[in-house]
Amino acid sequence: MTHGNGEHTGAHDMIVAEDVRKRFGDFDALRGVSTNVRAGEVVVIVGPSGSGKSTFIRTINRLERHDDGRIVVDGIELTDDIRNIEKIRSEIGMVFQSFNLFPHLSVMENITLAPRNVRRWPKKKAEEVATQLLERVGIPEQANKYPAQLSGGQQQRVAIARALAMQPKIMLFDEPTSALDPEMIKEVLDVMKELANTGMTMIVVTHEIGFAREVADRVLFFDSGELLEDATPDKFFTNPQHERTKLFLSQIL
Amino acid sequence: MSGTERELRESQMVLGLEEEVVGATIPDEGLGLRAAPGKEPQTPAEWAKANLFSGPFNSVVTIVAGFVSAWTLYQLFKYVFISADWTILKVNARSYMTGRWPLEQMWRIWLCIYGIGLLAGIARGVLPLRFAISRRRVAGLVPVLGFALLVELYVVDTLLVHALLAGVVAVIGIGVWIGCTFGSAIKGKALLYAWIAAFPLVILVLRFFGGVSERLWGGFMVNLIVAVVAIVASFPIGVLLALGRRGSLPIIRLFSVNVIEIVRGAPLYTLLIFGVFVLPLMLPPGIGKPPNIILAMIVFTLFSSVYVAEIVRGGLQGVHEGQYEAARALGLPVRKIMRLVILPQALRSTIPAMISHFISLFKDTSLLATIAILELLRQARRASAALGFAGKSLEALLPAALLFWIVAFSMARWSQRLEKRLGVGER
Amino acid sequence: MSAVAPTKPPLWRDVRALRVAGQILFAIAVVLVAREIWLNLAYNLQKIGVELGFGFLDRRAGFGIGEGITYSPNDTYRDALLVGLVNTLRVAAPGLVAASLLGLIVGVGRLSPNWLVRKMAQVYVEALRNTPVLMVIVILYVGVILPLPPIGGGFSIPGLFFLSNRGSAVSTVRPEPAFLPWLGFVLVAGAVAWAVWRWRTQVNERTGEPHHRVLYALPAFFVVAVLGGVVVGGPLRLDIATLAEGGFNYEGGFNLSPEYFAVFFGLVLYTSAFIAEIIRGSIQAVSKGQKEAAEAMGLTPFQQLRFVVLPQAMRIAIPPLNSQYLNLTKNSTLGVIVGFPDLGNVAKTAINQSGGASYQIVLILVGSYLVLSLTISFFMNLINRAVTRKGAR
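Residue numbers (my numbering), protein chains in the order written: chain V, 1 to 253; chain W, 254 to 680; chain C, 681 to 1073.
Check each hint, because a few of them may be wrong.
To be verified - Using C-beta positions, here's what the derived DEER-type ranges look like:
no.: 1; chain 1: V; residue 1: 27; chain 2: C; residue 2: 1065; range: 41 to 51 Å
no.: 2; chain 1: W; residue 1: 392; chain 2: C; residue 2: 773; range: 41 to 51 Å
no.: 3; chain 1: V; residue 1: 48; chain 2: W; residue 2: 586; range: 32 to 42 Å
no.: 4; chain 1: C; residue 1: 718; chain 2: W; residue 2: 415; range: 48 to 58 Å
Keep in mind the hints are simulated off the structure, nothing from the lab. All figures in this text were calculated on a predicted structure; none of them were measured in a lab. Don't be surprised by glycine CBs; every beta carbon is placed ideally from N, CA and C.
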């Protein structure tokens, strides 16, 4: 199932961030971040820990409230307006580092929970969609198992299916493979690649440079709450502009 | 055992490792590792040597302790079987259980007992018998059942009551059979609703349709009913208080915290004084003074709610923050998040603490005696004040104490087994 | 500050405005209900003819109290309640200490290598934990205290100690006018003993010589204290317990009523069972690795307990112990069932006697117990911090 624009053409801005700022007490987590993400784009965000990458994507779906600046998602501005917040959240799916599957529900129940309770789908429809999604992420046979019975890679794939069940236009990934054992990283990245190929708008915070090189349309570098570098993967990895970008790359490559 | 080994084992035991020592390996001097004696079956003599007489100090302790326990047991048996006069129990058995309930209305009570017995049997039958009934458990139950039978034969006079009691056992058995055979057809939710419906039904049967006024209610039945009412009614209130206390709205949090801390800081007796003397004055003038037992139920419910609130709060704290986040990211509204994601996880982890709280609450129902309600303890005291039973106060009280003890102890044991099961379970 | 700011949504859809509105509504609801309750209360009290304020505290109480500090029915309600409070403390304070000691012994006994001792401790704990504390008190009263021999025939060591079904009397010492100055000397004695303690500790650290701190500090304390007593000229006098005229009462000495014994021992036995389980659990919770390490260091079992296991077990035990101490204090009010005049009992009498000054007295009750609870928790918190400050975590 494909949702959102299938092509990378079109000047349609899915996400517009203008001078976004966020403080936690004394600490400036985001210091005026501005960027656009177009429909169908795959944007990868890298940077050292504490640089604000997670905070940034969490402000997009209101898991954190930005203090200043503007965020516009698919034409809707993200403010304290409760109606806007709910609409925006229903267009964005999120995948977390620690999966956050609901342990007391089966895989099928995890995936159908939100569609049935937020979009009010009948059980049958929700389960059909869920089954298709499970096939898409490659684990249709696990439908009736419980999260504790699955491996980390399988759990994360279920988490992706769960987010997709709400038919979002944007998918956010917060270090999706950081908590996985090495042998399971590939299966999750494969699913993400397939997702990208179908034209989903994605923002991925990750350390997986291979994925960035292969799949990203743009790579963003965050450091100390600022967006320092924004380039295509080629330019980013071979010819970074900023000093700190070069420093970071030298440490991880 | 060599000297070094013995010291090693003793010192480990002193530090509380005795449960772990059996089967552990103990190094032998230079000869490599050897399994501890616990792995091989011990003869009684070996066991006695290890546990009772392992050293001079230990042996002295055993002898002294042995004398003390032997003497105590002897005195106990002498009292129970020889010097005590148990007629007071025989005469008062019914009032111990049901107070001044009129004889012609007893059928209502029996009806309720049968209904609950059936439900309980079905519930037990539906649950999978995950753990086989071990021989040791059966062996442990035999003396208990034997004692119960003895008491029953002594106390009960009429054939009718014997038959009714036997009928209760039969009905429970039938329930278990029903549960086992139709287990798959019965949905968990249906059973839960049945239990929830049973509770007002019982009140209905006992009180209404020509039932008995609550001024005549008394005995152990009152302890049970007040405990169950309090626990059931306090549950939703407690959950709300806990959510309020943990919530992000400061005024509601302030309110919840204060209610919880003030009620928790007061002894139950103080709350009962409040219930009996102040609560009626707080009602609008039109309503007359409700009977003491209703006031007591309100107080017990309030009292229980704050403890439930604290237990639920602990459970809520145990749910990972990520669960909230994932649910919010999916777009679920707050009340659905609580109902579908957070509370099911939180409450499951609180089950042992809830049971423990219920046991305490049940024991606390004895305090109804202090506000002139004729529950079990007060019945026992009253029995010994009757003509002809002066000086038999101990014989009057001990069976009451034993009844409380049996219920509390059984629930505690059941809770331990439940904890083990929950730990092993898949969810 | 940003050049670009987020648009402010209309108030009625603004998440933050909604939150504030919700709370205001809640607060209004609470205030309305409270007001309703108060109006009903005031109306009903006036109907009975009871005042609304706390003025009754200064009125003559008009009822007697079985035991406690000096009091007569001519004293005020305030005095009566005070007597009740003191009685509560008389039973709770020593009760906490006794229950802790007994619980410690039984708790360690639960872990004894001797099977018989373990089983006895287990029976003790299981029997008491599952019986309502009220029943324990009543059974003790009816089954143990009252059946004691009547006065005159009971256990006694004349001139020293008496015990019967009317309670106990023990010869004791009472303060003379010189007591206060003598306390000053006692403080000095304490300071001297502390200095000696520190000195011996330093000696031990410097030279490795066993410090024998107790052996040195204790005599130092006593010498100075006794010297002080001589200097002020007799700070204490003997108060011998005897049978009064007519033989129905004890006179002199330190007296305890049968009701007191019932409540005290009932509370102590019951609470000690719970404390025993806490002690046992906390010792077992000290990780196995710690015990093995202590052992590998060559410490004797007693040293292992003293230096490694117990200190760590204490940290684990303090929060649940706090709970039990609070429970014991609150349970002290159950003495009402045998007529012990604690605060709750006196309060109930006062409500009846005053014609129904109920809400005021209940407020005083709730307030008093709150203060007691907070005090106990405060001290336990200090201990907790002292114990956890010194090391791990």
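Could you check the hint for me, namely that residue 48 of chain V and residue 586 of chain W are 32 to 42 Å apart, CB to CB? holds (36 Å)
Determine whether the Cβ-Cβ distance between residue 392 of chain W and residue 773 of chain C falls within the hinted range of 41 to 51 Å. Hint holds: Cβ distance 47 Å, inside 41 to 51 Å.
So does residue 718 of chain C sit 48 to 58 Å from residue 415 of chain W, Cβ to Cβ? The hinted range 48 to 58 Å holds for residue 718 of chain C and residue 415 of chain W, with Cβ atoms some 57 Å apart.
Is 41 to 51 Å right for how far apart the beta carbons of residue 27 of chain V and residue 1065 of chain C are? Since residue 27 of chain V and residue 1065 of chain C have Cβ atoms about 28 Å apart, the given range 41 to 51 Å is violated.
This entry does not satisfy hint 1, going by the numbered hints stated previously; all others are met.
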